Amino acid sequence: IRMVESGSFVASALAGGVLAGATSVRLTYFASLPFIAIAIVAFLRFDEPRLNRAAEPVALRSHIALTYRTMIREPAVRQVVLLAALIGLLSQAVFEFGALWLVALAASPALFGPYWAALVSTLGVGGYLTSKLNLNRRATVSLLAVLAPAAAVTLTWTRSLAAVIAAQTVLALLLAIFSIRAGKLLHDGVPSTLRAGVSSGVGTFSWLLFLPFSLALGWFSRGNGVQPAGWFLTAAALLIGLLLIASEFRRQPLPPQPTG
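382 is the number that my numbering gives the last residue of the sequence shown; the numbers go up by one with no jumps.
Derived by calculation from the structure, the hints in this document are not laboratory data. Bear in mind that the values here come from a model prediction, so they are computed numbers and not experimental data. For each residue, glycine too, the CB sits at the ideal point set by N, CA and C. A hint or two may mislead.
Pair ranges (Cβ atoms, derived) [as the list claims (entries may be wrong)]:
| no. | residue 1 | residue 2 | range |
| --- | --- | --- | --- |
| 1 | N256 | A285 | 26 to 32 Å |
| 2 | A153 | V268 | 37 to 43 Å |
| 3 | D169 | R260 | 39 to 45 Å |
| 4 | W353 | A164 | 38 to 44 Å |
| 5 | F152 | P197 | 46 to 52 Å |
| 6 | W329 | F157 | 24 to 30 Å |
| 7 | K306 | P334 | 24 to 30 Å |
| 8 | N258 | R167 | 38 to 44 Å |
| 9 | E196 | T278 | 32 to 38 Å |
Given the sequences, and given the hints that come with them, work out the whole structure.
In structure tokens, the structure reads:
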């Protein structure tokens with residue numbers, strides 16, 4: 123699913139970049155309207171699966187209360203909830219504010235298409251790499267956790283468009299991998315009947331954190347410039363790396379495999 127979504131995003135980003143360079147940004151936005159209409163029609167024709175309704179219905183208030191208790195009761199679950207929320211926060215910050223670095227460096231409109239294609243391609247590439255990397259090895263997770271703040275700190279000093287795009291792409295790729303890993307840790311830590319609710323709770327928590335984060339980043343970058351605002355992303359990436367490493371070391375080691 124991630125690779126299909128990523129492929130669609132990449133194709134639309136490249137097409138949008140070409141269209142914006144050949145015509146105007148305004149026309150490029152209007153060109154997206156037919157696809158929105160097609161999506162609405164597809165949504166109206168969608169048949170919702172009902173396997174999730176096979177269990178006995180539970181009162182909404184009771185379900186929310188149980189979900190909340192599950193999220194805060196166990197220290198390990200609380201840690202993964204915070205990790206997943208921060209990953210969502212930083213991913214949103216990269217996708218929402220990353221283009222400000224290109225604006226500050228006076229990038230041409232045509233460059234935004236390939237730039238956005240590089241970012242959204244990380245959603246699919248991250249899903250592919252997650253299946254190939256052995257994330258049960260603490261050394262692998264620790265290395266990836268160190269690379270994230272290293273990529274973010276690059277945004278605070280370079281004025282090279284190529285370096286900015288590369289740093290943001292690497293950071294987005296690592297966050298895609300971290301998101302899948304955090305989702306696995308979260309699903310392994312809660313009952314199957316509460317996974318959807320807990321995941322929704324993490325998304326809500328992430329947006330609650332993103333609101334003050336985005337306001338602070340916007341206020342700071344307005345007075346000090348975009349480059350110094352990269353320290354906000356670096357601090358978030360560093361905290362994510364520490365939580366990821368802590369979550370891996372908190373996990374019980376895998377039992378040894380039989381040799382005979």
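Here is how each hint holds up against the structure:
1. N256 with A285: 26 to 32 Å: At roughly 30 Å between Cβ atoms, A285 and N256 fall inside 26 to 32 Å, so the hint holds.
2. A153 with V268: 37 to 43 Å: holds (41 Å)
3. D169 with R260: 39 to 45 Å: With a Cβ separation near 44 Å, D169 and R260 satisfy 39 to 45 Å, so the hint holds.
4. W353 with A164: 38 to 44 Å: Check passed, 42 Å falls within 38 to 44 Å.
5. F152 with P197: 46 to 52 Å: The hint (46 to 52 Å, Cβ to Cβ) holds, given that F152 and P197 are roughly 51 Å apart.
6. W329 with F157: 24 to 30 Å: holds (25 Å)
7. K306 with P334: 24 to 30 Å: holds (28 Å)
8. N258 with R167: 38 to 44 Å: holds (41 Å)
9. E196 with T278: 32 to 38 Å: holds (36 Å)
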